[in-house]
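First to last, the sequence lines map onto chains X and U. Quick note: the first sequence, position 253, residue 253 per this note's numbering, numbers continuous. Quick note: the second sequence, position 64, residue 64 per this note's numbering, numbers continuous.
Bear in mind the hints are in silico, worked out from the structure with no lab data behind them. Check before you lean on any hint, since a few could be wrong.
[As the list claims (entries may be wrong)] Which residues of chain U face chain X? A few of them, derived with a C-beta cut under 8 Å, are:
| # | residue |
| --- | --- |
| 1 | Gly-112 |
| 2 | Leu-113 |
| 3 | Pro-288 |
| 4 | Asp-292 |
[Said to hold, decoys possible] The calculated EDC-like cross-link candidates involving lysine to aspartate or glutamate, where the alpha carbons are at most 20 Å apart (straight line), are:
| # | chain 1 | residue 1 | chain 2 | residue 2 |
| --- | --- | --- | --- | --- |
| 5 | X | Lys-32 | X | Asp-152 |
| 6 | X | Lys-81 | U | Asp-289 |
| 7 | U | Lys-451 | U | Glu-441 |
| 8 | X | Lys-165 | X | Glu-113 |
| 9 | X | Lys-165 | X | Asp-124 |
| 10 | X | Lys-81 | U | Glu-441 |
| 11 | U | Lys-451 | U | Asp-481 |
| 12 | X | Lys-32 | X | Asp-123 |
| 13 | X | Lys-81 | X | Asp-68 |
| 14 | X | Lys-81 | U | Asp-481 |
| 15 | X | Lys-81 | U | Asp-292 |
| 16 | U | Lys-451 | U | Asp-478 |
| 17 | X | Lys-81 | U | Asp-296 |
| 18 | U | Lys-451 | U | Asp-248 |
| 19 | X | Lys-81 | U | Glu-300 |
| 20 | U | Lys-451 | U | Asp-438 |
| 21 | X | Lys-165 | X | Asp-152 |
| 22 | X | Lys-81 | U | Glu-318 |
| 23 | X | Lys-165 | X | Asp-123 |
| 24 | X | Lys-81 | U | Asp-304 |
Glycine included, each C-beta is placed from N, C-alpha and C at the ideal position.
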Amino acid sequence: MSEIALTVEHDEPFYIANTDEVELFLAAVEAKLPVMLVGPTGCGKTRLVEHAAACLRRELRVVVGNDDTTTADLLGRFLVKGGDVEWRDGPVTIAARRGEICYIDEVVEVRREAIAVLHSLSDDRRRLHIDRLSESVDATDDFALVCSYNPDRAVGFRDLRPAFKQRFVTIACDYLQPDAETEVVARETGISEGDAARLVRIASAMRDSVGSMGGEAPSTRLLVNAGHLLALGVAEATAVEACLVQPVVSGGREAEALAMRELLAAA
Amino acid sequence: MRAPAAAADAVRCAAALARGLSAGRRSGCVLTTPQLGSFGTDLRDVLLAWPPPEPARRHERGLAACLAFQCSPTKEAAAELTWLAFSPREIAALQWVEGAAALGWIAETWPGLVDTIQELAPGLEPEPWEGLTGPDLAERARRLARSQRGALGVPEVLGELHVLGQPDSAFTSMRKRLGGRLKIVGDTLERIGGRVGEPIAIEGEDESGEPPHGAPLDGGEADGGKASAGGGIPFPEWNITTQTYREDFTRIFESRIGGVASAAARRSSELEGWFSAPIDRRWAGRLPDGGDIDVDGVVESLADRLTGHEASDRVYRERLRSERDVACAVLIDGSGSLAQASRLRHEIACADALVDAMAAAGERHAVFSFWSNTRHHVSLQVLRDFGDATSGPSASAVRPAHHTRLGAAVRAVTARLLHEPAGRRVLLVLTDGIPFDDGYEGDYACADVAKAVEEAELHHIAVALMCLSTPDATPLTDWLDDELHFVPRLRDLAPVLGDVHFRLAA
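Take these sequences, add in the hints, and give me the full structure.
Here's what the structure looks like:
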């Protein structure tokens with residue numbers, strides 16, 4: 001059974017926009033249109049959703065998709081309590097009833113039959129059909145459906161059907177420009193701008209090195225992790241190795257790992 | 001870092017380094033022979049001589065330092081010049097001043113390499129580089145050539161100043177003569193796009209594959225037919241002329257490729273997507289958790305409670321992953337005809353991605369490659385056997401060689417598949433679709449391949465041949481039907497192979 005995150009309550013999280021994605025996100029929600037965020041892992045998609053939810057003053061309900069995510073995980077299920085059978089709403093149903101933002105992360109990993117139940121919720125009907133209850137739930141006005149995925153994963157059998165994708169306002173997300181990324185790393189970790197800038201420069205060279213050939217590239221999230229370690233006094237080479245090199249060069253990519261270490265030494 | 005010992009590792013490392021050092025202006029690395037120089041660039045790739053030159057081999061940061069010079073934007077300035085206008089002394093001076101400007105770029109962009117470079121090139125000082133043009137370089141070079149007496153020694157770390165389209169460039173004239181580029185294939189060098197020359201074997205390369213001593217190389221007609229009794233497993237071959245089998249006509253030598261290949265294929269998430277078919281699932285009941293109620297379980301639990309017994313909490317059901325009752329063999333044509341580097345690399349990457357998907361789906365699977373050197377020696381290499389642990393040598397352990405006695409290989413793998421207990425058996429072949437060996441070509445070879453496929457299908461094995469060509473480029477078109485799947489463009493291999501596997505196995 002997939003794990004489902006509970007409601008996230010938060011202050012307005014720090015977010016630096018790459019382009020006009022915040023305005024676009026807010027406009028789509030106001031127009032009651034579902035939003036799809038597409039971008040590499042760790043580039044800030046979830047942070048954008050959290051920031052937008054805070055701007056809108058709405059609760060955010062997060063589902064992390066994987067290939068075990070079922071219809072029941074999204075809509076709800078029957079539970080046996082003592083001698084009784086009770087219905088328990090799933091996160092999508094709760095969000096639709098209460099007017100929350102429902103965010104399904106890594107939606108391409110979710111089983112096809114589970115995604116199908118979202119079709120009627122993501123078009124102008126904004127209605128959820130719960131077959132097990134023989135009930136239809138009309139989403140309240142404040143409900144918003146947001147999904148995200150990494151385009152590198154949406155290939156072949158994992159790709160989303162056009163009938164689903166074409167229901168969404170799709171926002172392309174990417175890593176920030178170096179200056180902005182430096183500001184994010186410095187602010188999130190408390191390290192100096194100079195140290196943050198150096199980490200960003202190293203990561204940028206590593207992205208050119210391995211990312212351009214279709215491999216995983218060090219993400220902003222990994223940069224922040226490295227910054228946290230630097231802030232605690234861990235040596236730069238150790239932090240970079242643990243946070244930038246090892247997470248992206250697993251499984252027979254020792255040659256690429258060597259190259260990344262050389263880039264660090266050369267920087 | 002010194003240059004890695006294995007050529008394949010070195011070129012991958014150098015390619016990744018070059019992309020990072022140049023911010024993507026250099027896209028890869030090409031190995032060259034030492035006669036063409038040490039390091040260089042054609043502005044698209046960096047050129048690395050194999051074996052690597054002294055600075056790359058001996059110094060800790062040697063490879064990075066040498067590559068950094070080739071990644072410098074001053075190379076683009078040098079490319080504006082015509083070498084015919086320079087005397088030999090001025091050419092040496094040009095290399096020196098361009099190197100100094102490149103060092104200026106390195107000092108600003110990659111300062112961690114400066115100490116290394118000062119050791120490798122004492123006396124080389126950084127010069128301004130921003131906005132530098134070809135004429136600027138030429139002026140600096142002529143001034144240097146006039147101002148100094150004696151020879152102008154060019155440090156080896158600077159590499160060769162190759163310039164595209166310049167007739168005096170040693171690399172350019174070599175390229176034109178050969179009509180192609182030198183690229184690494186596995187651990188050897190081959191010319192791509194021109195005449196195929198002698199591959200340069202890297203020390204330690206496996207040299208097995210020669211036919212047994214004394215075995216005739218004439219297709220066996222002179223010796224009456226049976227394959228040389230020098231070991232191996234005998235298999236028949238179909239003779240289209242007499243419409244009978246030639247019994248014990250070929251010999252299969254099976255060998256195991258052990259360990260993890262040094263040039264393991266990169267796992268591409270894009271390729272994985274083409275092979276990650278929906279996982280088979282079956283309803284399972286009496287579970288402690290699940291998306292649905294198991295009514296029988298609930299009734300039983302209630303009855304137990306009402307009668308004073310301990311009530312079970314296993315009252316749910318769910319669709320759980322189940323292993324596919326499939327045994328799938330992948331047979332890779334490892335003959336020399338598939339030695340074109342990019343094609344073989346992609347084929348290998350697809351095979352590896354397919355293997356990962358089969359392992360994830362719980363399919364029993366095995367991977368073989370083959371080549372032949374007459375009917376007396378058909379080599380079948382086992383990269384992964386049925387029942388092996390999921391980790392193991394990738395298909396990149398394939399070393400292309402010799403020829404394609406395809407019928408024998410199909411029969412050998414068919415025999416292996418028949419030993420696997422499975423509801424469905426599948427044989428996937430990756431080939432260029434041109435069966436060829438000594439005494440094995442044309443209609444004879446095609447008829448034998450068709451017969452071998454027919455034999456497999458008679459045993460209820462689903463066979464699919466992925467031909468990396470077009471229908472008019474393979475003679476098998478006239479001999480096979482649904483079993484053939486054409487992949488005219490390399491990038492279509494993953495979707496075609498993934499789709500075929502899904503339809504046959506899932």
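Hint check results:
{"no.": "1", "hint": "Gly-112", "in the structure": "4 Å, holds"}
{"no.": "2", "hint": "Leu-113", "in the structure": "5 Å, holds"}
{"no.": "3", "hint": "Pro-288", "in the structure": "10 Å, violated"}
{"no.": "4", "hint": "Asp-292", "in the structure": "7 Å, holds"}
{"no.": "5", "hint": "X/Lys-32 <-> X/Asp-152", "in the structure": "28 Å, violated"}
{"no.": "6", "hint": "X/Lys-81 <-> U/Asp-289", "in the structure": "13 Å, holds"}
{"no.": "7", "hint": "U/Lys-451 <-> U/Glu-441", "in the structure": "15 Å, holds"}
{"no.": "8", "hint": "X/Lys-165 <-> X/Glu-113", "in the structure": "15 Å, holds"}
{"no.": "9", "hint": "X/Lys-165 <-> X/Asp-124", "in the structure": "15 Å, holds"}
{"no.": "10", "hint": "X/Lys-81 <-> U/Glu-441", "in the structure": "73 Å, violated"}
{"no.": "11", "hint": "U/Lys-451 <-> U/Asp-481", "in the structure": "13 Å, holds"}
{"no.": "12", "hint": "X/Lys-32 <-> X/Asp-123", "in the structure": "9 Å, holds"}
{"no.": "13", "hint": "X/Lys-81 <-> X/Asp-68", "in the structure": "24 Å, violated"}
{"no.": "14", "hint": "X/Lys-81 <-> U/Asp-481", "in the structure": "59 Å, violated"}
{"no.": "15", "hint": "X/Lys-81 <-> U/Asp-292", "in the structure": "14 Å, holds"}
{"no.": "16", "hint": "U/Lys-451 <-> U/Asp-478", "in the structure": "13 Å, holds"}
{"no.": "17", "hint": "X/Lys-81 <-> U/Asp-296", "in the structure": "16 Å, holds"}
{"no.": "18", "hint": "U/Lys-451 <-> U/Asp-248", "in the structure": "16 Å, holds"}
{"no.": "19", "hint": "X/Lys-81 <-> U/Glu-300", "in the structure": "14 Å, holds"}
{"no.": "20", "hint": "U/Lys-451 <-> U/Asp-438", "in the structure": "19 Å, holds"}
{"no.": "21", "hint": "X/Lys-165 <-> X/Asp-152", "in the structure": "16 Å, holds"}
{"no.": "22", "hint": "X/Lys-81 <-> U/Glu-318", "in the structure": "18 Å, holds"}
{"no.": "23", "hint": "X/Lys-165 <-> X/Asp-123", "in the structure": "11 Å, holds"}
{"no.": "24", "hint": "X/Lys-81 <-> U/Asp-304", "in the structure": "15 Å, holds"}
Hints 3, 5, 10, 13, 14 from the earlier list are contradicted by this structure; the remaining hints agree with it.
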